[in-house]
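Letter by letter, the chains look like this.
There are 2 protein chains.
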Amino acid sequence: MSGNHHLYVPGPSNVPAAVQQAIHCPMEDHRNPTIPGLITPLIEDLKKIVLTEKGKVVFFPSSGTGCWEAALQSTLNIGDTVLGASFGQFSMLWLDMCTRLQFKAITMDEEWGTGANPESYHRELSKDKDHKIKAVLVCQNETATGVRSDVLAIRKVLDDLNHPALLMVDGVSSVGSYEFRMDDWGVDCVVSGSQKGLMLPAGLGILGVSPKALEAMKSSTYPTCYFDVQDMIAKLETGFTPYTPPVNLLRGMRVALDMLLEEGLENVWKRHHRLAEGTRRAILDGWGMQLCAKEEKWYSDTVSAIVVPEGEDAVPVISTAFNTYNLALGAGLAKVAGKVFRIGHLGDLNELMLCSAIAGSEMAMMSNGIKVELGSGIAAASKYWLDNPSGA
Amino acid sequence: MSGNHHLYVPGPSNVPAAVQQAIHCPMEDHRNPTIPGLITPLIEDLKKIVLTEKGKVVFFPSSGTGCWEAALQSTLNIGDTVLGASFGQFSMLWLDMCTRLQFKAITMDEEWGTGANPESYHRELSKDKDHKIKAVLVCQNETATGVRSDVLAIRKVLDDLNHPALLMVDGVSSVGSYEFRMDDWGVDCVVSGSQKGLMLPAGLGILGVSPKALEAMKSSTYPTCYFDVQDMIAKLETGFTPYTPPVNLLRGMRVALDMLLEEGLENVWKRHHRLAEGTRRAILDGWGMQLCAKEEKWYSDTVSAIVVPEGEDAVPVISTAFNTYNLALGAGLAKVAGKVFRIGHLGDLNELMLCSAIAGSEMAMMSNGIKVELGSGIAAASKYWLDNPSGA
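Protein chains in written order, with the numbering used here: chain A, 7 to 398; chain B, 7 to 398.
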């Protein structure tokens, strides 16, 4: 197909040219003497992204899923109880992993389109008088439904109840894109990946661990090797890794982190919000369609899941977008398969990139009998962006 | 600035990822034994792009401007008379070059927004009973005004008058994008460059020469060296070049020509027409604005020059596009400076790329007091593209 590929799935996100160029470097020995000069500052800068000074951050050659596993295995023991809310494909899968890893998972099912409900957490944690629940899981950004959860509210539930469980957050599609504060929010483990807000190809899982999580690791007997976080911390502190890392991705991460820190993390969050809000104006005001996220408080600044009208199918919309317009939209997963398509708006992004996603979605909907007014999405998004200039 | 750069000047055009990857190769000795295996097929394939079987095609490490010079110097003598029409910055500059190179240039001034007028050529050539005019110049695509000229009509003028002058065509922003037929149209020299329809970075000038042009070279005494076409032909026939070529660009050209030939040249032309027509619908029907090209017969399928309303200035529109939206639009040049901005629609391109250019132009105009209905451009372009699917 001619022309650029238009990538608007909610990750992998678009990799900036400067990062691509940095990744496209000659291969090198991962034990050469320049490696600590690469790795040590990366670790320090990753701490600035998850906003921890007290904790440690490591990376694994893995996806974000790998770091879900690393967080659980390194801090818990087989048979331990964990508590989490399930309200979309990814919050569900993390709890499914808990079961597969032989933890006892207490799953709180919430309506898809809503997020982690502090009242549900409060209810379950109140019942747990003898503190059998060792970890509380929250998916900050449910990528499947475009729902943002209030992590700090869950922290407050734990604090109010004086419950000692570890607070673990899936920040795969939020960290580096919208507000996440590891230390301030008392998060013990935060999981992310390279291919979202960090603007890199997939290939690196990121894990932040608090002093409390580090303490818990000492009493964990869970059999681990690849994802042994203590091993990884110890080795990274020497500036090397226990096994072969993708050094070219680390060279790319150097450039990506420089870009994020130069822009300033809060500016990055503001940019994501402004671009997300323009996209939502297109969907809600322009097209007159609905988001999967039920209320404004759940709106995600990294992905919007758009509900197609009753009786319509989102699947051919996504196919037409891909096959006719070289546009990758996110599919609906599991419970919302066929009912939604998703526009990812995270990472290295600007207004005119989203104009492609919006205009392409319109054409793909029209080709599949979903009637929207052509140009209405751009009209609404443009109006918002003009009325709310960046940097204002 | 965050996100992709949106490049819609009328060249350099966007370079496909596969071509960029091919260019990003290790440097190599330009006299190594693999070079003829690269160069010989490239020359054969360039002939398929300009549609010559009888003629020769060469490239120079230069811009297209270099090949303007090569065409003139290699076939003419100092003091020779040339005839050409001037109706924009580039048709004007080629004739200016003729004067600087000490040819006698007869310039036919045409209104900017129109193109080469066969009647004017007929008038001048009719007067030239003793055939002092040795070359007739035509700019097929005037990049400054978005005007396409009818090369075949000029050929017919020469034929009708039995005039022996060489027919030289500037095809810099048309070759590889819309219809150009070297043999069928009896073109003696055609000049192009790598950074337009050929989807490469700037750096290579392309020159096609007919048997008649080759014959003329024998009697040329013009002092040349770098742009000596006979030398270049002789050396290329050995598979090498007389001086160092950018081998990485040639490796990229291999991929670019493969892409064009796989798509099929006529399909490439159709794609350009369809994308151009959608863009024109945005300008004319959506925005209700005018093209610099005065009539449909002049409309260029590679660039549209958009006239801003009387009293408005196009310069800040272009600045806002660049500074606020990371969008490069073409400026108005010389006579149309400040009066037009240009959207290039050539090379590796698809609908949603142009949606960025259209939506960005709207926002940049609105920010500078030029009132258009937001979304109207996308509405008109999308409608055209939906009503006229590709491949239909």
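Hints may be right or wrong, so weigh each one.
Identical chains share a label here; the pair holds if one copy fits it or two copies do between them.
What the hints assert, rightly or not - Below, simulated DSBU-like cross-link-like pairs (lysine-lysine); rule was C-alpha separation at most 30 Å, straight line:
id	residue 1	residue 2
1	389	377
2	345	162
3	345	389
4	341	110
5	389	133
6	345	54
7	389	303
8	276	60
9	224	345
Simulated from the structure, these hints should not be mistaken for laboratory data.
Hints, one by one, checked against the model:
Proximity of residue 389 to residue 377 under the C-alpha cut-off of 30 Å is found in both arrangements, the shortest distances being 22 Å within a copy and 13 Å between copies. Taking CA atoms no more than 30 Å apart as the test, residue 345 paired with residue 162 passes in neither setting, with 34 Å inside one copy and 61 Å between copies. With identical chains, the CA atoms of residue 345 and residue 389 are at most 30 Å apart both within one copy (28 Å) and between copies (25 Å). In this assembly of identical chains, residue 341 and residue 110 lie within 30 Å of each other by CA distance solely inside one copy; the values are 24 Å within and 77 Å between copies.
Taking the closest pair of Cα atoms, residue 389 and residue 133 never come within 30 Å of each other, the shortest separation being 50 Å inside a single copy and 59 Å across copies. In this assembly of identical chains, residue 345 and residue 54 lie within 30 Å of each other by CA distance neither inside one copy nor across copies; the values are 38 Å within and 48 Å between. In this homomeric assembly, residue 389 and residue 303 come within 30 Å of each other (Cα to Cα) only inside a single copy, at 23 Å, whereas the closest approach across copies is 36 Å. Within a single copy, residue 276 and residue 60 get their C-alpha atoms as close as 26 Å, which meets the 30 Å cut-off; across copies the closest is 61 Å, which misses it.
For the homomeric pair residue 224 and residue 345, neither the shortest alpha-carbon distance inside one copy (46 Å) nor that between copies (72 Å) is at most 30 Å.
Violation of the numbered hints given earlier is confined to hints 2, 5, 6, 9; the remaining hints are satisfied by the structure.
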